[in-house]
Amino acid sequence: MSAVVLQPVNIDRRRAVAAALASILPPSALLQSDESVKPYECDGLSAYRQPPMVVALPETEAQVQAILKTCHRLQVPVVARGAGTGLSGGALPSGDGVLLVLAKFMRILDIDPLARTARVQPGVRNLAISEAVAALGLYYAPDPSSQIACTIGGNVAENSGGVHCLKYGLTVHNILKVRAVTIEGELLEIGSHALDSAGYDLLALLTGSEGLLAVVTEVTVKLLPKPECAQVVMAAFDDVEKAGNAVASIIAAGIIPAGLEMMDQPAIIAVEPFVNAGYPTDAAGLLLCESDGTREEVDEEIRRMEAVMQESGAHLIRTSRDEAERLRFWAGRKAAFPAVGRISPDYYCMDGTIPRKRLAEVLRGIANMEKKYGLRCANVFHAGDGNLHPLILYDANKPGELERTEAFGGEILDLTIKVGGTITGEHGVGVEKVGHMCAQFAPKELALFRAVKTAFDEHGLLNPGKAVPTLHRCAEFGQMHVHAGQTAHPELPRF
Amino acid sequence: MIDQFAAHIRDAAAGKRALNIRGGGSKAFYGNAATGEPLDVAAYRGIVDYEPTELVVTARCGTPLTELEAALTAKGQLLPFEPAHFGPGATVGGCIAAGLSGPRRTAAGSARDFVLGVRVLDGKGDDLRFGGQVMKNVAGFDVSRLMTGSLGTLGVILEVSLKVLPLPVAEATLHLKLDEATAIRTFNEWGGKPLPVSATAWHAGDVRVRLSGARAAVDAAVRKLGGDAVEPTAAAAFWHSVREQTDPFFTAGETPLWRLSLPSATPPLAFPGSQLIEWGGAQRWLKSETPAAAIRAAAAAAGGHATLFRAPDKSAGTFHPLAPGLLTLHRKLKQTFDPAGIFNHGRLYPDW
Numbered sequence: 001m002s003a004v005v006l007q008p009v010n011i012d013r014r015r016a017v018a019a020a021l022a023s024i025l026p027p028s029a030l031l032q033s034d035e036s037v038k039p040y041e042c043d044g045l046s047a048y049r050q051p052p053m054v055v056a057l058p059e060t061e062a063q064v065q066a067i068l069k070t071c072h073r074l075q076v077p078v079v080a081r082g083a084g085t086g087l088s089g090g091a092l093p094s095g096d097g098v099l100l101v102l103a104k105f106m107r108i109l110d111i112d113p114l115a116r117t118a119r120v121q122p123g124v125r126n127l128a129i130s131e132a133v134a135a136l137g138l139y140y141a142p143d144p145s146s147q148i149a150c151t152i153g154g155n156v157a158e159n160s161g162g163v164h165c166l167k168y169g170l171t172v173h174n175i176l177k178v179r180a181v182t183i184e185g186e187l188l189e190i191g192s193h194a195l196d197s198a199g200y201d202l203l204a205l206l207t208g209s210e211g212l213l214a215v216v217t218e219v220t221v222k223l224l225p226k227p228e229c230a231q232v233v234m235a236a237f238d239d240v241e242k243a244g245n246a247v248a249s250i251i252a253a254g255i256i257p258a259g260l261e262m263m264d265q266p267a268i269i270a271v272e273p274f275v276n277a278g279y280p281t282d283a284a285g286l287l288l289c290e291s292d293g294t295r296e297e298v299d300e301e302i303r304r305m306e307a308v309m310q311e312s313g314a315h316l317i318r319t320s321r322d323e324a325e326r327l328r329f330w331a332g333r334k335a336a337f338p339a340v341g342r343i344s345p346d347y348y349c350m351d352g353t354i355p356r357k358r359l360a361e362v363l364r365g366i367a368n369m370e371k372k373y374g375l376r377c378a379n380v381f382h383a384g385d386g387n388l389h390p391l392i393l394y395d396a397n398k399p400g401e402l403e404r405t406e407a408f409g410g411e412i413l414d415l416t417i418k419v420g421g422t423i424t425g426e427h428g429v430g431v432e433k434v435g436h437m438c439a440q441f442a443p444k445e446l447a448l449f450r451a452v453k454t455a456f457d458e459h460g461l462l463n464p465g466k467a468v469p470t471l472h473r474c475a476e477f478g479q480m481h482v483h484a485g486q487t488a489h490p491e492l493p494r495f
Numbered sequence: 001m002i003d004q005f006a007a008h009i010r011d012a013a014a015g016k017r018a019l020n021i022r023g024g025g026s027k028a029f030y031g032n033a034a035t036g037e038p039l040d041v042a043a044y045r046g047i048v049d050y051e052p053t054e055l056v057v058t059a060r061c062g063t064p065l066t067e068l069e070a071a072l073t074a075k076g077q078l079l080p081f082e083p084a085h086f087g088p089g090a091t092v093g094g095c096i097a098a099g100l101s102g103p104r105r106t107a108a109g110s111a112r113d114f115v116l117g118v119r120v121l122d123g124k125g126d127d128l129r130f131g132g133q134v135m136k137n138v139a140g141f142d143v144s145r146l147m148t149g150s151l152g153t154l155g156v157i158l159e160v161s162l163k164v165l166p167l168p169v170a171e172a173t174l175h176l177k178l179d180e181a182t183a184i185r186t187f188n189e190w191g192g193k194p195l196p197v198s199a200t201a202w203h204a205g206d207v208r209v210r211l212s213g214a215r216a217a218v219d220a221a222v223r224k225l226g227g228d229a230v231e232p233t234a235a236a237a238f239w240h241s242v243r244e245q246t247d248p249f250f251t252a253g254e255t256p257l258w259r260l261s262l263p264s265a266t267p268p269l270a271f272p273g274s275q276l277i278e279w280g281g282a283q284r285w286l287k288s289e290t291p292a293a294a295i296r297a298a299a300a301a302a303g304g305h306a307t308l309f310r311a312p313d314k315s316a317g318t319f320h321p322l323a324p325g326l327l328t329l330h331r332k333l334k335q336t337f338d339p340a341g342i343f344n345h346g347r348l349y350p351d352w
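In the order they appear, the protein sequences are chains A and B.
By the count of this note's numbering, the first sequence reaches residue 495 at its end, each step adding exactly one.
By the count of this note's numbering, the second sequence reaches residue 352 at its end, each step adding exactly one.
It should be emphasised that the hints constitute simulated quantities derived from the structure, not laboratory data.
Check each hint, because a few of them may be wrong.
In silico DSSO-like pairs for lysine-lysine, Cα to Cα no more than 27 Å straight-line [what the hints assert, rightly or not]: (1) 332/B / 69/A; (2) 69/A / 104/A; (3) 242/A / 224/B; (4) 357/A / 332/B; (5) 224/B / 222/A.
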């Protein structure tokens, strides 16, 4: 987390780049003093900080095209940024680059109630879309926990999920089309308002590409009918393995819950005094299992969910009786991160996805690491889709704790890969996990990623240093890590 | 076997010899004509891993689609995108390479929506894995979904991991009489309501709508939508005949069959010929002698595209021409995955 060395700003370069951009943007949309660029030095992963050389705040697509064309001509790195809520440092600026802030692209351009689509600018907040179409009985399904603040452009860059994605999918499943500008300033229309397009699925390739391939200037999202109602079952277990098995039994019963979340005891204990959600603090594991749909569907599904929880050995089962209680049950889970923030000066959020059947093994592994590193860890788990968020508690002011936390986190990532999972389920690789990409992927796979990047951005100017590691980054990483029994890149000299 | 495939690819790449990747041959009609020496991958078959409670199955490319579907049915699950087979030999690899989805597409999602990971041989014969066997995975570019529907032009799909879902508890099909414009509007209005519609079809005034889900929800929707109930066996046969294109609409005569992919609420497009409309209006099968240029222009004007799906003469090209910027990117990606340009040359677009 602390591995970034601050780049000093080259004042002459800053002046030259700002002068070139001044013909495109009014002075108020171009920031270049140290004080004015400082607020943009980090995103949601604040352990990494780097003030940008210049901040550009365009408000038209033509301006974005001109800025990118200029940066391409001058060979200046460009990092795109929405609301800056990302948790992997994906919007960390380049000290020698332009930070392209899309916050002014805030308009919802068009809503088609019959076709159930909305055409929006990338700076529109995720939740604002659902709010704008609520009166039509529609909503936008992906709901990352930061949805009140995060933007749809950032969601596309990260392929964001949320607590409902087992049933309703990720961003990639819920968008139809984007307009995007390449580093050369060329405008591309990718996807369409039909359900598919001719040629390769570039929309899928662009979604989750972390700003490495193009800058999105418009997004068409799909809208879904709002479910008539929703209800949630809360079930408490005296053993996390039992809770894990209950999740498998729900799926085995042919149920796809709208949401299926799990918390371990440290998470429950952090949350309950903070929110008073009614969670039993003596439980080793707690499940929240939601059903949505028509009244008839929900009644039928809730009865089946309760039965499975009973058979799986839950010692306490409660079903929300009304909307207020449903929201209270969820309030605890949704407040898990801030609640943990209350009991510890700092915490570090991990984001691996694992095959669900390996959950108990992974939690045992993490428990052993707590002892090894002398740090506590609370676990919240999108149990339906296997996305685990261990929250490592630490105090950055205590010497050595940050370093121990990093090592702890790295070991969790290694374990995630070992059990057949992935280092990131929804937060992205960013700058944070770029080293661990070398552990998850073989050198030739990474080479192909780099070649795909080159196909879009020959000189590597868009969001450099993120998501896809360079050969040398892997060589450095390989000094500490061994992949599949072999040191990576034996062909490179080591010092 | 993978070593043999890889050696074959390296040899062909060195000699710049085109390879025609082949599974069961059931979709040989789709796309432009295949050229090059066959690279037969049907023998690399079998389900590698299937854990029903993980909702994930991994199968080798040559696995017959019927075998995979039987394994899923036995555990009460299905491929949600309801792929067409187009012949008894259909394989998992061909299904994903073609990327086609069936009647459930609007409700459940497309083939690419359910692809979680792939193992592929690229044009250098390198054995590569992307994505994985988990539902949420944002590490690296989404090469797995890029491979879906690329018709083998980017590499040989060796294995694929797919998300699967439980079979619906209840199902019912209704028959209604509506004209084309009303049917399209009605399908879209249903789409905006919380109804368990899992498939729609319109042809010559006859609408069939399939409802799938919880028993109570299907029963309630049957009461809401009206129309006549179709007897379950007849209903299953109907949806099968639409998916597999064995319905007389598809089989009669030599008239070119076009697939129009359009924004779902697009009003009727008036072409001489006949149409069968699916996916709530988003997929329209057109049998017409109208010149290709006119059909493509109308589809594009409506915001969609047109594919010449089946025709005795495909000299007009199967797929909708790409905009210049996108064409450049396609060529670069092709060059990235297949530097010697050996895989399924011309299958997608004539000169590459």
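Verification of the hints:
| no. | hint | in the structure |
| --- | --- | --- |
| 1 | 332/B / 69/A | holds (20 Å) |
| 2 | 69/A / 104/A | holds (20 Å) |
| 3 | 242/A / 224/B | violated (41 Å) |
| 4 | 357/A / 332/B | violated (40 Å) |
| 5 | 224/B / 222/A | holds (25 Å) |
The earlier numbered hints that this structure contradicts are 3, 4.
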